[in-house]
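So the protein lines, in turn, are chains A and B.
Everything in the first sequence is counted per the numbering used here, starting at 427 for the first residue and increasing by one.
Everything in the second sequence is counted per the numbering used here, starting at 866 for the first residue and increasing by one.
Incorrect hints may appear among the rest.
[Unchecked claim] A short, non-exhaustive set of chain A residues, derived as facing chain B with CB atoms under 8 Å: (1) I514; (2) K669; (3) L670.
[As the list claims (entries may be wrong)] Stretch by stretch, here's where chain A covers chain B in the computed footprint (C-beta under 8 Å, at least three residues): (4) 982-996; (5) 1133-1147; (6) 1153-1163.
Simulated from the structure, these hints should not be mistaken for lab results.
Computed from a predicted structure; not experimentally measured.
Just so it is clear, CB atoms sit at the ideal spot from N, CA and C, and this is done for glycine as well.
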Amino acid sequence: MIRTEQLTVKYRGHAVLDQINVLFEQGLVHSILGPNGCGKSTLLKTLSRQLKGESGAVYVDGKEVKDWGTKSFARHLAILSQVQERSIDIRVHDLVSYGRFPHKGWMQKLDDEDIKVVQNALELTGMASLANRNVQELSGGERQRARIAMAIAQQPKLLLLDEPTTYLDLCHQLEILELARHLNRVQKMTIVMVLHDLNHALSYSDRITVMKNGSIYSHGAPCEVVNEEMLREVFHVEACVEKLDVDGSLFIKSMKLLLDKRRLMG
Amino acid sequence: MYTASKAVVEFRKTVSWRVAVFIILACLAMAGIVFSLVSGAVQVGIIEIVDVFTGQQDGSVRDIIWNIRFPRTLVAALVGVNLSLAGALLQGIMRNAMADPHIIGVSSGAGLFGIAVLVLFPAYGYLMTPAAFLGALGSAVLIYALAWQNGVRPGRIILAGVAVSAFFGSGISALLTFYSDRVDGALLFLVGGLSAKSWPHLQLVLPYTIAGTLFALLSAQRMNILMLGDADAKGLGLHVERTRLWVTAAAALLSASAVSVVGLLGFVGMIVPHAARLLVGSDYRILLPAAALLGIAVLTIFDTLARIIFPPVELPVGIIMGALGAPFFLYLLRKRGMHE
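Kindly generate the complete structure, drawing on both the sequences and the hints.
Take a look at the structure:
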């Protein structure tokens, strides 16, 4: 469970996050949506201690993040940051085994248990057959899966994913989202992810948080949060949200720019 | 940062390849030491050398080996280890394949402080290495601070290093000009060389080599985590800033002790780790020992070549390293330019 209290984060004097109060409940898949620059990534970075808040607090499982030890925090919460193009010259297996780092003391070697965890992470992500490959040789999708495998090897209770599907083709996007759901359902991990695709968020999340200009616009179950008014006010698009006959889940059928927005850009 | 051809990557990931590389590197290091012992104005046979070490040889041969060549060879080996490890660590910290204690100005910082002690307070000669360490650490931090702007970019590190190096270099030149009478072998210091290095120099550098090597090896896994980038390293529970500071200090100590013995010897710290990386990959747990062994081989072999190539003139080894290193530096620069 992650909870923030009046969380404010500033960058060069400008509040990127403005007094945010939000609760990510235990055991669910959460998605954060919002237009570019609304503070989604900043929120995720602050939740994972990559950034410090100006004021307010972040609590992870009841304990303020600044009170966690560095390694015990990493055993509890893993974050997959946005894809970096720079890659390193190591084997996939080595990369994934770095996920065991927070579980090990100074100079402690990996034992059988660690190897099992690493192997399991490789299998879950479908990377087992590529374990001996060099990370540099991988495609974008494989590299992303390798990094997720590293996060899984951390055995966190909470997994934060910052735009995990960016740069991936549709099939790989769905693979990543399926994996996130699997980790949630089977391994009971709480997932918090930043997504761009609204339909992905609708079909894979238990809760959706919508952000706008550094504030929480709305937060709740997908059917409560995603509606035509929200899309108009937050994303400036005119859309048609429909209910699927099969299972009653929502999907966004059509989208077009609001006229005034188009004029602004022209 | 590094791109090796697919075949090379395929081949060197096997364990047997790594073991083979270590055996070859160890042999190469031994060969360098033996080569250094047998070669010179007086050719000494291997059997005679064995006799010297077992105490069965007296007279001039014993003097040559025991008092001149053997300590010098050992100093070369240790300096090779120090500069190679310092280079490997700095390349990781600065995320730059061209980071070498000499190029990025850590050596000149060490040199300026070391020389200042030597000429201004000659009575406190034993403070030379600690002072050089402060200079090295200071310049490393300075370069880092100058190059820092929302993260460190490889290019900026080199430019900041050039500036810092030029700044400290002119300080060194000024000291050597004003106190030319107090510094013998000023040229040797500037170029970097091993002539007339003997047991006292070995004593000076040995503790730092041991401490620095131990620390480097203990930090290997942390270096690996750090190479993932700051965000991922933090996410894995590494104290990123603390690790970077400690490793920089270790690299500064290693290069400072080398500088206080052999002067501003350049390019060893760039060529050796790079070659080691091509051979064994970027895993620091393997890279560091490989670089250390290769450093021993490179410095002993090239110092011996420097001694025997133009008899009776003895070249400072720094000249050879510069002649080889500068083109290599340009090669790395071009290669990197194509990737970015």
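A quick look at each hint next to the structure:
The interface hint given for I514/A holds, since its Cβ lies 5 Å from the closest Cβ of chain B, which is under the 8 Å cut-off. With a least beta-carbon distance of about 38 Å to chain B, the hint placing K669/A at the interface is violated under the 8 Å criterion. Using the Cβ-Cβ criterion of 8 Å, the hint placing L670/A at the interface with chain B is not satisfied: the shortest such distance is roughly 36 Å. With 0 residues carrying a beta carbon less than 8 Å from a beta carbon of chain A, the region 982-996 of chain B misses the three-residue requirement, and the given coverage is violated.
Check on the region 1133-1147 of chain B: 3 of its residues sit with their Cβ under 8 Å from a Cβ of chain A, so the three-residue criterion for coverage holds. A count of 0 residues in the region 1153-1163 of chain B with a Cβ less than 8 Å from any Cβ of chain A is obtained; the coverage claim is therefore unmet, three being the minimum.
Of the numbered hints stated above, those contradicted by the structure are hints 2, 3, 4, 6, listed in ascending order.
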